[in-house]
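> Full structure from sequences and hints, please.
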Amino acid sequence: MANPKLCFPNWTLPTSIVTPTVSGPGWIDLQNLHGEVLSEMARYPGTDLPGTRFVIDLGTLRNVSVLAIPFHNAGLFDKARIRFCTDAALTDAVIDTDWQEFFGVIYPYGTLDPTRVEWIDGRMTAEDAAGYMIPWVYVAPVAGIGRYLDVQLDWRSNPAGYVDIGQIVASPAITSVYNISYGANPPFYVDPSTKTRAKGGPQFADQQRSYRTTSMLFEWLSEDELYGNFYEMVRRYGTTKPLFYIYDSDAPAAIRQKQSFMCTVSSVGPPTATNFNINSLPVAVEEAF
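With our numbering as the guide, the letters of the sequence shown map in order to residues 1 to 289.
One thing to keep in mind: the hints can contain errors.
Dumping the calculated DMTMM-like pairs for lysine to aspartate or glutamate here, alpha-carbon to alpha-carbon at most 25 Å [unchecked claim]:
id : residue 1 : residue 2
1  : LYS79     : ASP96
2  : LYS241    : GLU36
3  : LYS258    : GLU223
4  : LYS258    : GLU36
Label-pair ranges, simulated between beta-carbon atoms [said to hold, decoys possible]:
id : residue 1 : residue 2 : range
5  : PRO186    : THR274    : 19 to 25 Å
6  : GLY35     : ARG209    : 20 to 26 Å
7  : PRO192    : ASP113    : 29 to 35 Å
8  : GLY35     : ASP113    : 42 to 48 Å
9  : ARG197    : GLY26     : 25 to 31 Å
10 : TYR211    : TRP119    : 25 to 31 Å
If you are wondering where the hints come from, they were derived from the structure by calculation, not from laboratory data.
C-beta: ideal position from N, C-alpha, C; glycine also.
In structure tokens, the structure reads:
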């Protein structure tokens with residue numbers, strides 16, 4: 001079925017041994033890029049290309065296959081590029097995402113009524129994109145080993161006139177040799193809002209922000225996969241530390257962005273040994289802001 005990725009660990013976050021550093025002249029609160037409060041962002045008070053660029057030194061060589069920018073104030077035509085390099089001079093890039101828009105084709109061809117404006121190119125209107133933090137996601141065809149993230153941002157068409165960026169994701173990502181089993185719940189919104197009706201008839205609502213959830217079952221995990229990957233993820237991140245989640249890394253970009261988000265693990269396990277060296281593990285996640 002789907003080919004999910006749980007982006008553990010995120011190498012931009014500090015550990016007890018290694019603390020990444022961020023450098024970018026003119027930026028404000030760059031330390032927020034490796035903080036754990038997801039709503040806190042770094043800001044650059046302008047949109048010039050040289051100024052919006054910054055570099056993250058991961059502190060040591062790391063393996064990376066997924067790069068993501070989940071939190072930002074990107075507009076309809078803004079884009080980003082991340083080069084993952086082995087050297088401080090940023091000349092040896094093992095991964096180069098090239099320039100990639102935050103809001104590319106959002107509606108796959110044929111999904112909209114021909115009378116919709118978006119039917120022509122599959123892109124959102126500026127009205128729909130306003131305030132929508134769709135994640136910027138890149139899945140490398142082959143993982144790379146490097147140390148420096150050269151983050152370049154093109155915000156020149158952004159009407160706000162400044163750049164806000166939150167935690168950057170750079171992760172090897174946990175995946176499984178075999179895809180998750182059929183019967184998984186694709187990511188979809190849950191609305192926690194409540195409604196009450198007065199005795200006289202009027203209805204009142206306590207409106208709350210919707211969030212995405214999904215659950216899946218990994219049925220063909222070897223003991224090496226179970227204890228080398230998932231066990232360590234639960235031990236270190238538990239159910240409270242956020243990580244980036246991709247439901248299907250093989251999906252078209254228009255679908256993959258909608259199925260990818262920062263989350264916490266809401267439930268995991270217990271694993272079941274279904275056969276010799278074959279284990280199943282249920283995992284459920286919910287969106288974190």
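> Could you work out which earlier hints the structure fails to respect and list their numbers in ascending sequence?
3 and 9
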